[in-house]
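Visitor: Whenever a hint applies, use it, and build me the whole structure from the sequences.
Sequences listed follow chains A and B, in order. So in this note's numbering, spot 43 of the first sequence is number 43, and the numbers just go up one at a time. So in this note's numbering, spot 158 of the second sequence is number 158, and the numbers just go up one at a time.
A couple of the hints might just be wrong.
Said to hold, decoys possible - Listed below are the simulated BS3-like cross-link pairs for lysine-lysine, each with C-alpha atoms no more than 30 Å apart in a straight line:
id : chain 1 : residue 1 : chain 2 : residue 2
1  : B       : Lys42     : A       : Lys92
2  : B       : Lys156    : B       : Lys145
3  : B       : Lys145    : B       : Lys42
4  : A       : Lys98     : B       : Lys42
What the hints assert, rightly or not - Below, a sample of chain A positions facing chain B; criterion: calculated Cβ distance under 7 Å:
id : residue
5  : Leu3
6  : Arg5
7  : Leu10
8  : Ile12
9  : Trp14
10 : Pro15
11 : Pro18
12 : Leu22
13 : Ser84
14 : Tyr109
To be verified - Footprint (simulated), chain A over chain B, 3 or more residues, beta carbon under 8 Å:
id : stretch
15 : 52–59
16 : 111–125
17 : 145–157
None of these hints come from the bench; they were simulated from the model. Yeah, the Cβ is synthetic: ideal placement off N, Cα and C, and Gly gets one too.
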Amino acid sequence: MDLERDLRSLAIAWPETPVFDLRPQRRRWPFAVAIVFAALAAAFAVPQSRGAILDLFDFGGVTIERVHALPPAQERPLADGLGSVITAAQAKDYLGRKPLLPPVRVTLYERADVVSMLFTYAGRPVLLSEFRGGASGILKKIVGPATNIEAVPDGVWLQGAHLYLFPQAPPRLAGNVLLLVRNGLTVRLEGRHLSKAEALTISERIR
Amino acid sequence: MEGRPPFEDLVRPHLETAFRVAYLITRNAADAEDATQDALVKAWRAFPRFRAEAPMRPWLLQIVANEARNRRRSEGRRGRLALLVQASSGGAAPSPEDDVDREQLVDALEQLSDEHREVLGCRYLLDLSEEETAAALGIAHGTVKSRTARALEQLKEAYGPRA
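Guide: In structure tokens:
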């Protein structure tokens, strides 16, 4: 057919093929640095929070920073910006092991090496996110004076609104959160009105 | 894994095609670059599960195209397909009428739906086989045939009496 011949004969001016990094494991470190830099930039870019960091510590791959006043941020749905839908096999590639799953059917998402899923517990939405532990600063939380931080078995419970900095996404106002380190993964459970008891119950059921 | 060439050596010959597939889908060079690089990270991670006897190109194109589609959805960009017809130069240069025809053919491609433009782009602009096109677009081999036929019909209508 002439049309097929005409298509094949089109001399397309393709963009020049970039130089790609073919040893991708090297990308993780600069990426982590970029996340920390972006998070710090977000905190320090807001006048109210400049010089007002009271405390800073790492838990798993999460950096938690306490400040005098939270920088402004939007409250957005838990489902916002979870990334692309992935298969269980792909999740295993990202996490280096099978993801911890709740005992209900879930859709898996990935963004910036963080595997996330949404489900409901007691009729309310819960966001479960997991990533390989150890690399501090992958996620960041900025907490205000009113946020209560409490140690729980294998984890930390954050009660009260705080700022959540997710890679490649604008900061958002998060609800109550349980952070755990389990099987080499940093695990994050979030629900707007999630209680500590509920979070700990869920944490016992994910496997 | 023993005796298998390293990841870099296996993917390097296909980078240009992979990037162009991403470009066909995202219609943006920067997004295509990001999608290709992210796909390379994913391919590298999945490489231990890649069967040594399987062909590398369809496998890589599938990962790249999937990443490009995800990026197109997440970015929400629907820019015009930036296909530029290279200027005629040297030798037996086509006539101005030929250049006009080519521009109009590209314009007609632009009017097609994403799935029709992508299947024609893979088959005729990138010269991918039906198997490679099926892998890249995540569709069955038979669907490549039927979709190509429908896309050509649509293109014929859009291109007008020249076809």
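Visitor: Decide, hint by hint, whether the structure agrees.
Guide: Outcome of the hint check:
1. B:Lys42 x A:Lys92: At roughly 11 Å apart (the allowed maximum being 30 Å), lysine 92 (chain A) and lysine 42 (chain B) satisfy the hint.
2. B:Lys156 x B:Lys145: 16 Å, holds
3. B:Lys145 x B:Lys42: Cα-Cα ~29 Å, so holds.
4. A:Lys98 x B:Lys42: 16 Å, holds
5. Leu3: 5 Å, holds
6. Arg5: Where the cut-off is 7 Å and the nearest Cβ of chain B is about 9 Å from arginine 5 (chain A), the hint is violated.
7. Leu10: This hint holds: leucine 10 (chain A) lies near chain B, its Cβ roughly 6 Å from the closest one there, short of 7 Å.
8. Ile12: 6 Å, holds
9. Trp14: 6 Å, holds
10. Pro15: 4 Å, holds
11. Pro18: 5 Å, holds
12. Leu22: 4 Å, holds
13. Ser84: 4 Å, holds
14. Tyr109: At about 10 Å, which exceeds the 7 Å cut-off, the nearest Cβ of chain B leaves the hint on tyrosine 109 (chain A) violated.
15. 52–59: violated (count 0)
16. 111–125: holds (count 3)
17. 145–157: Since 3 is at least three, the answer is holds.
Taken one by one, the earlier hints fail for this structure at numbers 6, 14, 15, listed in ascending order.
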